[in-house]
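Undergrad: Protein chains in written order, with my numbering: chain A, 1393 to 1523; chain P, 1393 to 1523; chain R, 1393 to 1523; chain Z, 1393 to 1523.
If you're looking for bench data, these hints aren't it; they were derived computationally from the structure. If you're wondering where the values come from, they're calculated on a predicted model, not measured in any experiment. Accuracy of the hints is not assured; some may be wrong.
Identical chains share a label here; the pair holds if one copy fits it or two copies do between them.
What the hints assert, rightly or not - Below 25 Å or equal to it, Euclidean Cα-Cα: the simulated DMTMM-like pairs (lysine to aspartate or glutamate) are: (1) K1494 - E1484; (2) K1494 - E1440; (3) K1494 - E1447; (4) K1444 - E1504; (5) K1494 - E1504; (6) K1444 - E1425; (7) K1494 - E1511; (8) K1444 - D1487; (9) K1444 - E1484; (10) K1444 - D1500; (11) K1494 - E1425.
Number of protein chains: 4
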Amino acid sequence: MTHIPQSEQSMRSEQSMHGMRHSMQSCIQACMECHQVCLQTAMNHCLETGGKHVEPEHFRLMMCCAEICQTSANFMLSNSTFHNRLCGVCAEVCDACAQDCKNIGSMDECVEACMNCAESCRQMAGSSMQH
Amino acid sequence: MTHIPQSEQSMRSEQSMHGMRHSMQSCIQACMECHQVCLQTAMNHCLETGGKHVEPEHFRLMMCCAEICQTSANFMLSNSTFHNRLCGVCAEVCDACAQDCKNIGSMDECVEACMNCAESCRQMAGSSMQH
Amino acid sequence: MTHIPQSEQSMRSEQSMHGMRHSMQSCIQACMECHQVCLQTAMNHCLETGGKHVEPEHFRLMMCCAEICQTSANFMLSNSTFHNRLCGVCAEVCDACAQDCKNIGSMDECVEACMNCAESCRQMAGSSMQH
Amino acid sequence: MTHIPQSEQSMRSEQSMHGMRHSMQSCIQACMECHQVCLQTAMNHCLETGGKHVEPEHFRLMMCCAEICQTSANFMLSNSTFHNRLCGVCAEVCDACAQDCKNIGSMDECVEACMNCAESCRQMAGSSMQH
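Bound-form chain A, shown alone (with noise of 0.2 Å):
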C-alpha cells in the first residue's frame, strides 16, 4: 500500500468529480442562492410592501447584491484567475445587505443569504482582503 502525504489526501478531498475544489463549489452555491432570495424579495416583497422597503438606498443595495452575486457565481464558473478579487467585492456588498435588511425588519431570509454569502466569499477571496 503506497503512502499519501497529507497534504495530498486534504488535497484529492478538495477536488469532485469535474476537477473543482469543494470550496469553490460551495461558494457558488451560496452565491446563486443569495442572488435568488435577494432578487426574489426585492422584486416581491420590497416592492409590495413600499416604505422603507423603496427607499433607493435600500432598494439599490438589494438589486446590486443579486447582481454581484450572480457574476461572482458566473466567474468561478467559468474558472477566471480573477474570480477572489471579485468575490472580495461581492463579500463587502453582502455585508452591507444583510445588516441593512437586519435593521428594516421582516426579511430574515434575506439576512441569512447575504451573511453565508458574505462568509463563503470572504474564504474564496483567502488573504488578499482585509476589511
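Add chains P, R and Z to chain A, keeping to what the hints say.
TA: Only chains P, R and Z this time, still in chain A's reference frame:
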C-alpha cells in the same frame, strides 16, 4: 367542516410559502441548474478539450443557452408577466443545445440539464407555444 | 467593369467591417441604449420619485425591459442563430414598457428608447413574429 | 448678475441633465464599449480563428472582461455606492485582457477598448485602489 372544492385545493397546494406556484419555483431551479452546467461545461470541458467542442456554432449555443436560462430565471424571480414568453424561447434554445451536445458526445450532464430545462420551460410557456 | 446586381450591392452595403449586417449593429445599439435608459431611470428617477413609479407592475416592467434588452444585445453580439426569436419577445416587452411609461408620465426619454428598440427588434425578428 | 464661485461652476459642469457626474457617464460608456467589443470579438473572431484565440486562459479572460464591464456599468447606472469597488477590480481585469490580446495579436480594437476602460475605471475607483 367546510368543503373545499378540488380545484381550489390543488391551487392552494400549488402555492409555496412566498406565494409562488411550485411549478414556477421548479422551473426557476431547472433554469439555474441548466445555466450553471452549460456555462461550467463550455468554459472548462469545451475549452480544454478543443476540436468540435470549440466550433463556433456549438460554443455559441452553449453560451447563449446559459445566458437565456439565467434571464428566464430572473424573469420568474421578478414575477414578470412576460416570463412565459421568454420561457418559450428558452425551451427552443435548450432543445437545440441538448441535441448538439448529444451529437458531439461526452456531455451527458449538459444534455440532461438542457432536456430537463426545456421540458419545464415548455410547460411554463403553456398554450402560447407551439413548435 | 463588372456589373453587380442591385440585390448583391445592397447586401454588400449591409455588411460592416466585421461582417455584421448594419441592421443588426443598429439593433444592438438600440437594445444597449434601451437597457441603459430603463435601468438608470428605474434605479434613480423611479425610486426617488416613488408613488406610481414604484408600483410593482411598473417597476418590474422597467427592470425586465432593461434585462431582456441586455440579453438580446448579447445574443446579437454573439451571433446566435436564436437572436431573432429573442428579439421578438424583446419587442413585446419594450412596447409594453413604452406604453406604461407614457401612461405614468415624466419619462419621455424612456418612452422614446423603448419605442425605438421595439421597432428595431421587430424588424430583426422579421417574418417569424406576428402579433 | 450673480457671481458663481469657480468651484461651484466646475461642480455644476460635472453634473449632467440627470444629475450624474460626467466622469461616471464617461466610465459607463467605456464599460459598455469594452463589454461589446470583448464579447463580439470572442464569440466571432476568436472562435472562427481558433488556435491561440481559443486557449482556455485567453478565452476566459475575454468573456470575464466582457461580463465584469457589463456589471460595472450596471452598478454605475444604478448609482450603487459600491461602484468604485467594482470598478477597481474591473480595471485589473481590463488591464490583463488588453495585455493578453496584445500578446496574441490581431485584436487591436479589443486592446484599445480594454485600455480605455481600464483607465476610466481606475479613475472611478479613485484613491481606494493601488496596484
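Undergrad: Now tell me if each hint is right for this structure.
TA: Checked hints:
1. Taking CA atoms no more than 25 Å apart as the test, K1494 paired with E1484 passes inside one copy only; the shortest distance there is 16 Å, against 33 Å between copies.
2. For the homomeric pair K1494 and E1440, the shortest alpha-carbon distances inside one copy (18 Å) and between copies (22 Å) are both at most 25 Å.
3. Taking the shortest Cα distances, K1494 and E1447 sit within 25 Å of each other both inside one copy (15 Å) and across copies (24 Å).
4. Proximity of K1444 and E1504 under a CA criterion of 25 Å is satisfied intra-copy only: 20 Å inside one chain copy versus 31 Å between copies.
5. In this assembly of identical chains, K1494 and E1504 lie within 25 Å of each other by CA distance solely inside one copy; the values are 10 Å within and 39 Å between copies.
6. Taking CA atoms no more than 25 Å apart as the test, K1444 paired with E1425 passes inside one copy only; the shortest distance there is 24 Å, against 31 Å between copies.
7. In the homo-oligomer, the alpha carbons of K1494 and E1511 lie at most 25 Å apart inside one protomer (16 Å), although the nearest pairing across protomers, at 37 Å, exceeds that limit.
8. With identical chains, the CA atoms of K1444 and D1487 are at most 25 Å apart within one copy only, with a shortest distance of 19 Å there and 31 Å across copies.
9. In the homo-oligomer, the alpha carbons of K1444 and E1484 lie at most 25 Å apart inside one protomer (22 Å), although the nearest pairing across protomers, at 32 Å, exceeds that limit.
10. For the identical chains of this complex, K1444 and D1500 are intra-copy neighbours only, at 16 Å inside a copy versus 28 Å across copies, given an alpha-carbon limit of 25 Å.
11. Proximity of K1494 to E1425 under the C-alpha cut-off of 25 Å is restricted to the intra-copy arrangement: shortest distance 18 Å within a copy versus 30 Å between copies.
Taken one by one, the earlier hints all hold for this structure without exception.
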